[in-house]
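K.L.:
What follows is the residue order along each chain.
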Amino acid sequence: MGAQNSDNNAAKREGMTRRGFIQAMGTGAVGASLSGAALAASHGNEPPEKILSAKDTVKIHLHINGADRAVLVEPRWTLLYVLREVIGLTGTKEGCSRGECGACTVLVDGIPRYACMTLAVEAQNCHITTLEGLMQGEELGPVQTAFVEEDAFQCGYCTPGQIMSVHGLLEKTPRPSMDEIRIGVSGNLCRCGAYNNIFRAARNAAERKIK
Amino acid sequence: MAEQKNSYYTQGLSVPETPAPGEEPAFWKQTHVVGKRLPRVDAYERVSGAAVYPSDITLPNMIYGAVLRCPHPHANVTKVDVSRAKKMPGVRAVITGQTPEAKKLKWKYNDYSGPLFDTHCRFEGEAVAAVAADTHFQAWDAVRAIDVAYEVLPFVADHNKALSDDAPDIHDSGNLVGTDEYERGDVARGFDAADVVLEQEYHTQSELHTPMELHGCVAGWDKDRLTLWESTQGVYAVQSEIAEILNLPLSKVRVIGHYMGGGFGSKLKPGKYTVLAALLARQSGRPVKLILTREETYLCTGNRPASTMHLKAGVKKDGTLTACDFTCTGPSGAYPAGGTALVDWQIRDLYACDNVRCASKDVYINAGPARPFRAPGHPQASWALEQMMDDLADKIGMDPVALRLKNIPEISQGRNQPYTTTGLKQCIEKGAEQFGWKKAVERAKAHNQTDTHIKRGVGMGACVWFVGGGGPPSTVIIKLFRDGSVNLNMGASDIGTGTKTVMAMVAAEELGVAPEVIQIEHADTETTQYATPSGGSKTVPTESPTVRNAAIAVKRQLLEMASEDLNVPASDLDYEGAQIISRNDKNKRIKVTDVSRLKKRGVVVGVGYRGPNPPKKSVNPFAAQFCELAVNTKTGEMQILRFLSANDSGRVLDRLTYDNQVFGGIVMGIGFGMTEFRQLDARQTGRLCNRNWHDYKLPTALDVPVDMESLPIEIDDPEANNTGTKGLGEPVTIPTAAAIANALFMATGIRFTRAPVNPIEMRRHLTAKKEG
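Protein chains in written order, with our numbering: chain A, 1 to 211; chain B, 212 to 983.
Hints listed in this document are in silico derivations from the structure and should not be mistaken for laboratory results. Here the structure is a predicted model, which means the values were calculated and not measured. Ideal Cβ positions, reconstructed from N, Cα and C, are used throughout, including at glycine. Mixed in with the good hints, there may be bad ones.
Claimed, not checked - Label pairs and their computed distance ranges (CB to CB):
#1 G110/A <-> N901/B: 29 to 37 Å
#2 D109/A <-> G496/B: 53 to 61 Å
#3 N901/B <-> R76/A: 25 to 33 Å
#4 R69/A <-> A261/B: 17 to 25 Å
#5 E138/A <-> N798/B: 57 to 65 Å
#6 K827/B <-> G137/A: 54 to 62 Å
#7 G960/B <-> S177/A: 53 to 61 Å
#8 G960/B <-> E171/A: 43 to 51 Å
#9 G496/B <-> R69/A: 44 to 52 Å
#10 D109/A <-> R894/B: 42 to 50 Å
#11 V363/B <-> D56/A: 54 to 62 Å
#12 D56/A <-> E312/B: 49 to 57 Å
#13 S177/A <-> K649/B: 30 to 38 Å
#14 F692/B <-> G137/A: 41 to 49 Å
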């Protein structure tokens with residue numbers, strides 16, 4: 001974007017805040033709080049069979065990266081906690097635990113979602129994809145390869161979430177415009193400020209996937 | 212196998228000559244690996260999830276720690292009752308100030324030393340007790356079950372009120388941490404000689420580091436030996452502090468930090484949490500993972516202190532600066548922590564000026580102590596100085612670029628000694644040229660004459676960074692195996708700047724080995740060599756010459772070994788990467804992998820040490836940044852359209868990671884100038900109002916321009932060190948905010964003296980201007 005851009009752009013860009021991102025992507029903080037309702041809607045509206053206290057553990061089945069896992073969880077445990085501390089899939093990172101930074105972004109039924117704002121019990125019967133799930137054996141997937149080529153990270157801690165957001169974006173929008181890319185990763189903070197290389201990586205990944 | 216062996220070498224590329232024993236290596240005239248755009252050697256780990264960060268560690272039997280923190284900015288703890296917490300499910304350790312192992316321990320802030328648990332809590336977020344339980348959730352349940360009584364004390368949260376009579380004393384000594392004064396020439400005479408004298412007050416807000424990975428560690432004991440997996444910028448710095456606090460031999464404290472998710476100065480040292488984790492692990496007999504919550508990191512893991520600055524400056528009509536008089540008040544926080552550290556360095560050193568006076572006052576307030584934050588003090592003073600330069604230029608009708616070029620110093624005035632090299636002039640001159648400064652100014656001014664509510668501005672700023680030359684100590688070991696592959700062993704952390712990658716490139720350059728074949732071992736006090744923390748823009752200029760020395764040590768040994776095989780003196784031999792060849796008789800040659808003693812021993816070990824810096828010379832990086840932006844004068848919204856940063860950081864080792872760091876510095880500077888501020892409720896509760904990323908806004912992907920350009924100004928600097936490198940990480944963020952402010956002035960005619968300028972602040976000023 002150069003200096004020649006139209007005058008309205010300043011207003012438009014600034015107006016697209018994180019709220020705009022959520023509206024556009026249906027993910028993120030609000031997405032997570034909506035997720036219970038959304039899941040309830042998709043699995044019928046019957047009242048719960050049993051009210052669980054925080055201390056009761058329940059056995060749940062999670063469908064993660066193509067494999068089924070049965071785990072005992074407290075109802076208050078987030079999907080993030082279960083992925084990282086129970087199952088050991090530490091590619092998904094914890095940055096804030098309150099739906100602000102996107103380091104914990106995973107795909108839930110193909111849509112980028114903050115794992116810290118999703119309870120593990122809510123994620124039953126959904127298809128969850130984490131960073132590890134983008135690997136093809138020991139080989140990197142196309143978005144990951146693009147991130148390497150474009151040096152789209154520094155410390156690398158937000159990177160799994162950025163990659164998942166780009167992956168989710170490209171699944172829905174295979175040929176994203178620059179604005180779509182920026183909006184697509186605007187729910188993922190990068191304190192090192194590698195945003196420009198992330199934009200390049202998203203373009204690079206789009207080209208790789210189309211080939 | 213033979214073909215595989217050969218593939219370890221960069222074929223057909225020459226290798227630098229091996230200096231004779233005792234001789235210094237010659238400056239690289241030409242490089243073959245160094246300077247290229249090489250993806251990181253650890254990129255695979257970072258994008259695949261294979262990289263294990265300290266917060267990713269899980270160990271058998273590991274439990275989780277949590278800390279109870281004082282909710283008041285100033286209070287005395289009168290009671291801590293943990294009886295209920297101890298009985299909570301899963302709880303295995305509880306520690307308070309009364310716990311025998313904790314009672315005698317001290318915690319230090321600079322020269323200040325106090326009890327680890329001080330019943331006099333001087334800031335919100337001070338640790339009062341800690342627990343460890345089977346799960347993270349149980350640990351927090353137990354924290355909430357601890358019964359604490361506080362005697363709440365009056366507080367002061369505004370640094371400008373810290374020294375007033377009605378402010379409560381935070382320490383018995385009062386609220387003044389210290390003062391710093393500097394003077395050269397005669398400021399009064401300087402102002403007399405000026406044609407224009409301006410003065411202005413400037414304010415910057417406290418900025419919080421908030422690296423993506425939370426602060427914390429995993430601590431585990433094997434009898435009397437402590438192992439810490441710590442998210443840190445320096446494993447040896449953590450080792451030495453923890454050994455001192457816990458009274459352990461250095462050899463019994465192992466600190467590992469292979470990966471870390473950002474620090475920006477806030478992870479140069481261990482935290483109180485490190486000690487607490489070790490104590491909880493000791494008491495429970497289990498490894499303890501203690502990772503702070505995001506909210507805790509806002510309260511107690513450091514900040515860039517706010518500043519109230521006053522700058523008076525004089526200039527002649529021809530642009531000669533005649534005098535600068537600068538004062539600053541800044542808060543350390545509740546303990547001595549460098550509230551005004553280095554804040555006047557831009558004034559002392561950046562532009563030529565014979566008459567300079569600086570005075571700063573560091574004060575206590577009831578808030579979390581500062582920690583070094585990317586170029587401590589510098590962005591603050593840059594905010595003042597660079598805006599003042601533009602105002603002076605405006606008053607004498609001179610172009611801002613021309614005014615700066617008029618005042619390029621020949622030596623470091625702050626240190627009164629020459630720089631090894633200074634690229635300040637080239638950064639400004641070539642940066643302006645590449646940016647298209649003159650045309651951009653004309654275009655913006657013409658645009659602003661038209662009837663539109665979207666106004667345009669361009670602005671610039673320049674800087675010097677206080678250090679950036681690195682220096683001893685550092686030790687690096689390079690092992691060359693009998694198949695020609697290489698292992699590089701160094702203690703330095705790679706905090707995301709690409710340290711591992713550029714060091715592999717330096718070793719590859721010297722040894723003629725492909726960088727991919729070099730395996731890096733680093734950031735572990737037990738298995739890697741001593742290094743100071745990665746900070747202060749000194750890692751590359753410290754470690755890269757050390758790596759080069761280690762590689763040369765390997766080559767010298769190989770020449771000695773080959774001389775036995777070839778029956779010629781080592782001084783007659785050239786190391787050429789894959790093979791060693793006699794200078795006098797080109798037929799006498801041997802493949803490195805065929806050298807008998809290498810085959811027998813299996814490995815050659817080369818040790819490199821960092822040599823001294825040049826005496827009586829200053830090694831500093833410089834930068835100039837240029838920005839173009841648009842302001843919606845109806846809504847107050849701003850959009851940065853493009854940025855260019857011209858950097859003199861000596862030789863570029865990896866252009867890919869170099870540019871990345873330049874862009875990252877600009878992004879962080881945008882945060883400092885436009886979005887970030889710590890908001891304390893100074894009038895009512897003294898508590899922190901914005902303790903999360905929702906209320907404390909970092910620049911997002913939508914706040915940064917897509918058009919960013921990095922322009923390296925590479926000046927040969929053989930005096931600085933043997934790789935000719937200077938630091939980059941800090942200068943890239945120093946002048947960013949000021950460049951934005953100058954562009955905002957052109958767009959709106961408003962001088963924004965308070966950072967940050969967010970849309971609300973902009974709107975407020977636009978309204979005030981309209982209403983006159």
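K.L.:
Look at each hint and say if it fits the structure.
P.N.:
Status of the hints after comparison with the structure:
Checked against the given bound of 29 to 37 Å, the beta carbons of G110/A and N901/B, roughly 34 Å apart, stay inside it. About 43 Å separates the C-beta atoms of D109/A and G496/B, a value inconsistent with the hinted range of 53 to 61 Å. At roughly 26 Å, the beta carbons of N901/B and R76/A sit within the given window of 25 to 33 Å. Hint check: R69/A to A261/B, Cβ distance near 20 Å, so the stated range 17 to 25 Å holds.
Remark: the range hint 57 to 65 Å for E138/A to N798/B is contradicted by a beta-carbon distance near 45 Å. The beta-carbon spacing between K827/B and G137/A, approximately 58 Å, falls within the hinted interval of 54 to 62 Å. The hinted range of 53 to 61 Å is not satisfied by G960/B and S177/A, whose Cβ atoms lie roughly 35 Å apart. A beta carbon spacing of about 48 Å between G960/B and E171/A agrees with the range 43 to 51 Å that was offered as a hint.
G496/B and R69/A have their C-beta atoms about 30 Å apart, which leaves the hinted 44 to 52 Å range violated. The hinted window of 42 to 50 Å between D109/A and R894/B holds, with their beta carbons roughly 48 Å apart. One distance hint, 54 to 62 Å for the beta-carbon pair V363/B and D56/A, is violated here, with the actual separation near 38 Å. Look at D56/A against E312/B: about 35 Å separates their beta carbons, and that is not inside 49 to 57 Å.
In this structure the supplied range 30 to 38 Å holds for S177/A paired with K649/B, their Cβ-Cβ distance being about 32 Å. One distance hint, 41 to 49 Å for the beta-carbon pair F692/B and G137/A, is violated here, with the actual separation near 28 Å.
Figure legend: structure checked against the earlier numbered hints; hints not met, in rising order: 2, 5, 7, 9, 11, 12, 14.
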